Amino acid sequence: MPEGHSLIPPLLFNLAGWLSERFKSTGNPAEISEAIEVLERSVDLTPEGDPDLIERLNNLGNAFLRRFELTGDLEDISGSIEKHRHAIRLAPDTFEDLSDMLSNLGNSLSLRFGRTGNLSDVSEAVSVGEKGLRLAPEGHPSLPGYLTNLGISYSLRFQAAGDTMDISESIKLQQRALQIMQDDNPMYLAATLTNLAKSLLMRFTHTGNITDISEAIEAQQRARQLTPDGHPELPSQLNNLGTLITARFERMHDLADIFEAIRVQQQAVALSPEGHASLPGFLGNLARSFFRRFERTGSLSDISTTITTLQRAVKLVPEGHPYYSEWIHELGISFLCRFQITSQGADIQQAVELMQKAFKLTPEGHPERSIRLNNLGRLYHFCFERSGEVKLFKFAVSAFREAAESSTGPPYVFLLAAKQWAALSRSRFGSRSELLDAHEHIIHLLSFNASLENTFRRRHEVLLDSSQLSTRAAAAALSVDQLDKAVEWLEQGRCIVWNQINQLRSPLDDLRDYDPALADRLGLLSRQLESASSRSESQSSSMLSTPGEEEEAHNHLKTSRERDELLKSIRALPSFENFLQPKKFADLIRDLPTEGPVIIINADKDRCDALALMADCDEPIHIPLERFSYDKAMHLAEGLRGYLSSRRLRTRYAGLNEALTDEGRGTKRLGHRPSADVSPKQVLADLWTDLVEPILQTLAIQLPDDSEDLPRIWWCPTGPFAFLPIHAAGTYYEAQNSRGSCLADYAVSSYTPTLSILTRLRSRPEPSSESKSKKGVLLVSQPDTPGLSPIPCTVEEVQATQEQLNKHSIQSALFTSQNATTSAISSAMESFSCIHLACHASQKITNPLESAIHLHDGPLMLSEIMKKDLPYADLAFMSACQTSAGDDKLPEEAVHLAAGMLAAGYRSVVATMWSISDEHAPGVAEMFYRNLLEDSQGGLDGRYAAKALHAAMQHLREQLGSSTEALLAWIPYIHVGV
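Residue numbers (full-length UniProt numbering): 1 to 978.
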């Protein structure tokens, strides 16, 4: 054609289109470069004002984007953005393809963000993507693509800033895209499923929620099924699937997963010819899987393969490639690991050079920065241990500290780094200030990781690996005589979920006096958040959650954020600076009981201590437990557990088996080595001589002249002490002329999960005159619960109790058998301040709010009880088994029914540590109420419950003697609360 012919620009445009299509199949860089050259000629020959110029600029921008994905050349992606912006400037608001162009610009901005880490790029990508989505009419054929692209932009901004709202929005958008997508384009559907899987992987990496990685794998498997053999996208699909399976292996440690991941990733590499644009990425992911298998097997072959595979990936990309710094960082770690096996000097030198270089290439705010800092800290510490150079120790501490205090990256990395920071600070080269700073940060991160943004179940999952961090922090504070700080950290780092529930229910009287509207808004958000936190995970046959479920989770997250922002604004008000903030020591002891001390027992692997808090003392009294150790407490707790299990005393009846309490989790408990059975008498004797007696001596608590006038002690045990019957500590002899010593002769014992819970219950206002009509006892008996073993004695128990109450004109209502339904009991609870439960109960370890009492038509869950307004709840007598047993994998969270009833509002709870006897249960209840009614002077006051239970237990003790069987009849009963 002659120069200047009008058909030349459109013909060049069409030729470029075919070159681009062929590039998609071959990945040949020459073809996309030729397409760009041809398109640039087409654009240059198209005069300004020609309506076709808009489309040609848009396609040129897309071609630059494709080449950038291959080369990582910043000029290419900047050219893409320039051409897209030019096209959009020329397009009127009514332009048919404006949404397409906005979506394309968003993609280019997102890719440049991946190269430079410039947050403004990804924020603009979100902004233009949202505009494009608004302009697209409902039913537009490209709407799923707009949703997907915007979802990708949100996921990238999440990577940059770590805001979980962004990744939640990303997943929600991509699920909506899948919902409206037509089935006529399977590869389009496969691409959307892949993008959803990537976003779910990002959230999993951030939170560790196993549901996300399971959904991601299912989505990617569906994408693979939609991709026929021989399709150009197949290698990418295989690579993505392997990456996801590796991520699941990192959490679940199933070796079958890592072998499967390596298999499919090797397929991806084999299907990608040399020079293919995606080959370096496939190699990088394959290397990571080999490294994960090496971590599990220690195989020299695996770590060497990791190194050679990463070296091949690095050689295939320029230094500016988006993944270059990540791969050389991982290559450095791999050299360090191989050095630890072979001791070859060249490997350690390579490790130092590569990891330092990778860190220098990682800008401030980069999502990988905290990970690389943490690993750099490990490298410096390793080199310090080899050389003894103190400067390397200081480098390690500095790296761990900076990683722990990072604002971007996975929260679990912050906690890992903080633990390393604290561990080094305890060494002889550490400093007191670093030690305290590190543990202060750990306590903050515990609440941060188990925040209100998660469901109750998820919060407990997060805390599973952190159960000893608060007690370790307290031990560190005690080692430098910071007694106040030890108490504060134990309060902030223990019973986190119960404390969150209590905070959501905190009275807002002062705020309401200042600003009623503000108080109402906070109260509404708190109620919404509590309700959202108890939602269940998806129970559908597919692992993939529905858009509705993701919307529910997103709204939960949004409510949490809104409440956090509202709290910030409240704390900016005069006199509200500390509103709902963690309490300082002076505030914690403001409402201590005057009847006796609260004794916190801290169990740490380095030391065990008691801290006694008394109403007339401004400082804790520190009592080092020099004859006790963490290992000894573990030995006693596990030995006692074994003794009880061997005698089938873990549950009251064979029909209510271990599955109800331990959920089939087996018999290996406390994360500790198995221990031989220990007799109850030995446990009680060791608790007396090595724990209780030193405390009584320090506090000058002596045998009283009058056994009716015993002081109170509130025990707040941590770690394995939480599973030991401290209230029954003593030496017991069966001979009639030999009387040992025991705590029950010195004091009336109660337990409290934390000091905060006790002081909150004590400071609750007394019922008003009009509410006193609610005083009375709701009696519940289930002698023959459907599906569970019969308990015939419960009828006798509650009938005898009702007779006692009637004699003192105490209001009561008796529900038994088929009359004791969930709706009947739930409704009746509002009319009575006390409840007596003589029935089966079950404890749900993974979600304590699903723990329940079993009634005629099913379980009445704790979550339902807690939804009720029970401002006058006073006493709960739980004549069931193991209602205060808890879970030894979460010893600091008090995941048992007794703590749940305290959180529901009951100030006093009588509960059991293990199985109780059918033979003695009615007599215990009869004696308890006789004492309680006498002490309450004709009424019924839960404040006297501890004393009443103590007297009942001593009566049973005198009656039965001191044989092991006799001790096991009364020791399980404990009092919790006021």
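The set of hints was computed from the structure by calculation and includes no laboratory data.
Small disclaimer: the values here were computed from a predicted structure and weren't measured.
Please note: incorrect hints may appear among the correct ones.
Said to hold, decoys possible - Result set (DSS-like, lysine-lysine): computed pairs, CA atoms no more than 27 Å apart in a straight line:
(1) K172 x K419
(2) K583 x K807
(3) K632 x K419
(4) K198 x K172
(5) K807 x K775
For a quick check of understanding: which of the numbered hints are violated here, in increasing order? Those not satisfied are hints 1, 2.
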